[in-house]
Amino acid sequence: MNQAWILLFLPLAVAAASLLLPRRTALVPWLATASAAATLVLSLHLVGSTGTASFDWASVGGLHLRVGILLDRLSTGMMVVVTGVGVLVHVFSLAYMRDDAAKARYFTCLQLFMFSMTGIVLASDFIMTFIFWELVGLSSYLLIGHWFEKTSAADAAKKAFLCNRVGDFGFLTGILLLWSITGTLAFSSMDVPTSVSASLVTASLLCIFCGAIGKSAQLPLHVWLPDAMEGPTPVSALIHAATMVAAGVYMLFRLQLSLGAEVFGGLAGDVIAWTGGLTALAAALMAVQQDDIKRVLAYSTLSQLGYMVMAVGLAAGEAGMFHLFTHAWFKALLFLGAGAVIHACHHEQDIWKLGGLMRRMPVTGATFLAGCAALIAVPFTSGFFSKELILDAARGHQPVLFWIAVAVAVLTPFYMTRLVIVAFFGGSRSDAASHAREVGPLMAVPLLVLAVPALIAGNRIAHGFAPAVPERAGEFHLNSLFWISVAALVAGSGAAILLYRGKSRDPLSIPLLRERFYIDRFYDRFIVRHLQDSAAAIVHFLDEWIINGLLVDGCSRAAASFGGLLRRMQSGHLQGHAFAFGLGVLLVIYFTVFF
Amino acid sequence: MLTLLILFPLFALVAILAGAPARPTAAAAASANLLLAVAAAVTWHHPAWEFSLQVLETPAIHLAFGFPDGMSVVMVLLTALVTLPAVLTGTAPAGRGSLWYGSTLLISAGAMGAFAATDLFFFYAFHELALIPTFIMIGLLGRGNRSEAAWKITIYLGLGSIVLLAGLVWLAMLAGTLDMTRMADAAGHIDAGSQTSIAALLILGFGTLVSLFPFHSWAAPAYASAPAPVAMLHAGVLKKFGLYGLLRVAMPMVPEGMQAWLTPLLVLLLGNILWCGWVTISHKRLDGMLGSSSVMHMGYLFLAIAVLAAHPANDLARPAAVLLMFAHGVSIALLFALADRIERTAGTLDLDDLGGLATPAPVLALLFGIGAMASIGLPGLANFAGEILVFLSAFRNFDPASGIGPLQITCILAIWGVVISAVYMLRALRRIFHGPTFGATARVADLTLAERIPALLLVAALLAVGLYPNLILNLLR
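Protein chains in written order, with my numbering: chain D, -11 to 583; chain B, 9 to 485.
It should be emphasised that the hints constitute simulated quantities derived from the structure, not laboratory data. A hint or two may mislead.
Claimed, not checked - Example chain D residues on the side facing chain B (calculated, C-beta under 7 Å, incomplete):
no., residue
1, Ala46
2, Thr139
3, Leu150
4, Ser183
5, Ala524
6, Val527
7, Ile535
Don't be surprised by glycine CBs; every beta carbon is placed ideally from N, CA and C.
Work the whole structure out from these sequences, hints included.
Written out as structure tokens, the structure reads:
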């Protein structure tokens, strides 16, 4: 248990020390990386252990809010993911951020993130989840806004925080409702009594789900995640692909374990599953028309998160968690690969200005292909096994959702093949791309290491580290589902090869998808500008003129004439008035009480 | 012993008037008070802290101080904690040193006395004593439209005080004593009709002092015009007098009366959180925005009071309110202090004219960011602990079998406030500190070592209580 406490607080201690260190730019990156490596060792050591420990954080009356650690397969497995990807991202960042003036701040924030994420994973108590939930939001805000001088980065950071806050409004409400229903906040002793109406339970679950909608960027709060790509690319790999955005899925599955999967039946489960399914589809469609290498990956993350959420809604949380596990490795790999490309091509992110990188950057190219293979579910890669289980769960419960999931399985290989062909094959379409050189070992090694789990994390040998493993994970059958998956893969990739081979401009132009269904624009123009800003201005106007103007100034004019009287009697200055006023009040008290 | 907390600032005031160097004297008194307040927080059970002197036979008025419970300790600690930074922040205009620092000390002494008094007369009188220098400072040394702001706050708080006085006098006559502990014991005999009327007067009176909607419009202009120490001390400390009074006087003495006004109270507190929250969003200047935000945040405290009115036996609402008062006091004082610093170096607080300050002034940005995050209820900083406990208290007596009641609906609507405050605070951070610098903003100097001390003191308090709220909650057990 002591190791678990160290695992939780070491990154916080390092972050705090980093703020106080002299000569921090030289020391902090290495200190943070060492801390990340230490947490990985601790996490591997904790795999398979169980137990709980907690202390009183806030005790009031009969209520004790506790901060504690819950060790079980789910939390220890998730810690392997968080620290495993974490340490590689730290190493990669050593090279990626070498010339950044504010790299001490960057690594401090990374450690703050590691602390917050560890807190969510190990939390034994719902309030603790919420506390760390908000803290990952903060570290995400700080890291997206790392280059805050850039208007777009500063705006993206703010947008991410606000979208999460909207979700957290529901999350907190849901926690309060669930607390009154179950009478406890501890995951280990949560139980829904039969006397409580089903609609109240559903309401509380849906409110809690709002939190997951925000953090895991599901429709309709998905808009912040693509913008979050303004942050440094290693951050996108760690926070906005592998770990933080998966926290919503993790939290829902934790709840499913505590309350029992049957509670997620009925309306709550349906809403969750459909939200996930629709997000998966909409995001995959939007990815098809993106030109920024990171944005394609961001929409793909949205889409894969949709798969996971859908699985939880279908009461197949194990399948969702298993996909979370495999996705973390291959998506981190893809993002770091994109980072290597961006680094080598002088921050060129438009895939149409890249091209021909496979020859110039063979390590990056090959590992990117490995990650891509896992994402598009090439048979026997990690993504193949986990996606099959989700499709399987959908087929059993909701045929429509199953076909939506299959459509996503066609679109995924389509946009990924498009990305690979355009960026890595053909001729170079810009100076930056034609002068690209392979990255150094600090960046290449994390890519090579990540390629291993990206390929094999779905197989049985890796199951010991997975946070949850469905019954039939890693099995392989030549059944109809297999053939549907292969057909989807061939259709998607084939269409992309036919369409994009040798092209130097996008032959497809679908404004609806390019403009992301106009959702961002609608939010910006309607919700922010009209609903919020104009309404706030109107309220302010009413406040000024009705409440202040009529009600209050009426009274104050009456009082002012009284004051004027006093003024004539006194010195005529505010000072005199105030003293007279004070004295008067004291006299009034004195006489009222006295007589 | 407790008298020293009031006497130190008063002695310093006399010394300053007699010609002692104003700033060092004031700082020494405030530092001594802070040490004393910390000592009080550790040893407040000891009878040595109490003091009583009969100043009048009929009616029996005692100059009496003491710690009837932990709530007074926390408020005294808050007063001392905000006073030192208030003294250290900003500089007096040339030649007005004695007025500037003297007034600051007088406000502090008045607040200290009000929170420590155990006699109703001095409870009220000390607050009035603190208001006078507040008005004077705004009127004479304030910024912008200072005379209008000074008039407005004087009239508002004056009227509020008179309504309050009527309620207190009525209450004292029915209870037959001015000793607040004995008043609470005698309160059981007060009939329901009088309770209702007294509660109305107290809610109106105390409420106006705390900027309860719709009696809030004095706050934003007053804080925008007030010199920094006054804004810090009034928004951070003195304003809490009204809430303290509702908890200390109204709740124990007229519980049935408070219960009768539950529904209007729920509506008004939503006015604070939602209506004033939206007003805050549309503020274009940082000072007005901060003033308006502090009006909004009072809504959470009224929510705790409403919970107590509905369920006097609720075990969460009272400690939650006290913790939140402490947290809000510290955080708003920090924000006002740093806003003043921004205005002195950048020359403006207009959000449109600022930008990119985090580049030339990273420490300023970090500390202001901590204050802003505290104010929007980020965990790890004190305000979150207070807010979450207030929300939990609203659901404490909720029976899931009976369906959701008005208290829970109000609470859920109030939680929307966490989104609203994030909207305006993040917008302020974005406009002031992020983005490219332009013009004068590129030349803003970062905080000097001496300037960091007061801010760090407040940040340390926010962090300590935020990371381990039991520090304060243990005093309220």
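Unsatisfied constraints (hint numbers, rising): none
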